[in-house]
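The primary structure of each chain is shown beneath.
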Amino acid sequence: MERTALRRRLTWQTGTVTQVREETSTARTIVLDLPDWPGHLAGQHLDVRLTAPDGYRASRSYSIASAWTGEGVELTVEQVPDGEVSPYLVEVLKVGDPLEVRGPVGGWFVWRPEDTGPVQLIGGGSGVVPLMAMLRTHAHAASTTPVRLLYSVRRPASVIYRPDLKDLAASDDVDVTFVYTREAPPGEPRVGRIDAELLAAKAFGPADDPTTYVCGPTPFVEAVADLLVAAGHDPSKVRTERFGPTGGPR
Amino acid sequence: MSADVPTHLDGNAAAGALRELFAVDVTTAIARCAGCGRTGVFAEARLYADAPGLVARCPGCEDVLLRVVTTPSDTYFDLRGLTYLRLPNTP
Chain A
19 MERTALRRRL
29 TWQTGTVTQV
39 REETSTARTI
49 VLDLPDWPGH
59 LAGQHLDVRL
69 TAPDGYRASR
79 SYSIASAWTG
89 EGVELTVEQV
99 PDGEVSPYLV
109 EVLKVGDPLE
119 VRGPVGGWFV
129 WRPEDTGPVQ
139 LIGGGSGVVP
149 LMAMLRTHAH
159 AASTTPVRLL
169 YSVRRPASVI
179 YRPDLKDLAA
189 SDDVDVTFVY
199 TREAPPGEPR
209 VGRIDAELLA
219 AKAFGPADDP
229 TTYVCGPTPF
239 VEAVADLLVA
249 AGHDPSKVRT
259 ERFGPTGGPR
Chain B
20 MSADVPTHLD
30 GNAAAGALRE
40 LFAVDVTTAI
50 ARCAGCGRTG
60 VFAEARLYAD
70 APGLVARCPG
80 CEDVLLRVVT
90 TPSDTYFDLR
100 GLTYLRLPNT
110 P
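These protein sequences, in sequence, are chains A and B. With this note's numbering, letter number 3 in the first sequence gets 21, and the count goes up by one each step, no holes. With this note's numbering, letter number 29 in the second sequence gets 48, and the count goes up by one each step, no holes.
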């Protein structure tokens, strides 16, 4: 599957929306039926292209949220204020609509079930999306590789995939920690950013030799990657994916 | 976009554009910068996607590694900033 996916020249294909799920007030998951999809690895993304009636085209890259199970591909899209593509995907697109995509792309920020060694996932905001694909792939493959997720969000209402994360956290192999930067839920006093102390307490340390995946807005990724390297993690085992308002994976 | 947000992304974000041109995933290739000689995974390059086109810069010296500009009729692909791209023969 993977070999075919990487060898084939990429072309646009049209999928059909089979389901939409509201995740938060600004993010929604779109489930696409893509008959020609070659399968994907956890952490890969795809490009979405919209064409206006006058021919104007805009494309954006979105992380794939789902594990590949042989059918359907899920994207979770956070609406970007004044965005060109995301407002359509979040507010207008409905079940039954066609959507033009190409992918999967990106073979670096990926996790494979056969990879050994602990996995540390660190996400900021909608940066949790490719990490969720990794968690779902981990569950789908019944992997016993230890995985920890640190998920930085502004407030409880900003948490994407809350029910799924709760279920996954019930597994012995997955440890989930929420980090609230603006407002914490009752009983959770800590409000603040991910810092060295929190990483030392909740994340795998350098001695565990984890592979760490960090995804989020560029300043978040830079700050976390710097903290990890300062704590003694091997930079070659810290994989990053930044996203920004233009062109990047969201 | 707001001014306090750094504009660069990862080389990874160019995966789609590059896969339209190449049969293989260039973002996992080892790239050598013609400016400073640094070698590393292309996915770790700094990608500026809000220029007219895509510009990937070396994370070491900031020199331009690669540019892709697409017009309605053609795609311009400039990789003079790369000494080489190293790809496995069997992915």
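Just to be clear, a hint being listed does not mean it is correct.
To be verified - Examples of chain A residues toward chain B, derived with CB under 7 Å:
no. : residue
1   : Tyr106
2   : Val123
3   : Gly124
4   : Glu259
Please keep in mind that the hints were generated in silico from the structure rather than gathered at the bench. All values reported here derive from a predicted model rather than from experimental measurement. Built from N, CA and C at the ideal position, the CB exists for glycine as well.
Does the closest beta carbon of chain B sit nearer than 7 Å to the beta carbon of Val123 of chain A?
Since chain B brings a Cβ to about 4 Å from Val123 of chain A, closer than 7 Å, the hint holds.
Tell me if Glu259 of chain A is really an interface residue toward chain B, meaning its C-beta lies closer than 7 Å to one of theirs.
OK, holds: Glu259 of chain A within 7 Å of chain B, min 6 Å.
Classify the hint on Gly124 of chain A as holds or violated, based on whether any CB of chain B lies nearer than 7 Å to its CB.
Hint holds; Gly124 of chain A Cβ to chain B Cβ min 4 Å, cut 7 Å.
Should the interface hint for Tyr106 of chain A be scored as holding, given a Cβ-Cβ cut-off of 7 Å against chain B?
violated, 18 Å
Of the hints listed earlier, the one the structure fails to meet is number 1.
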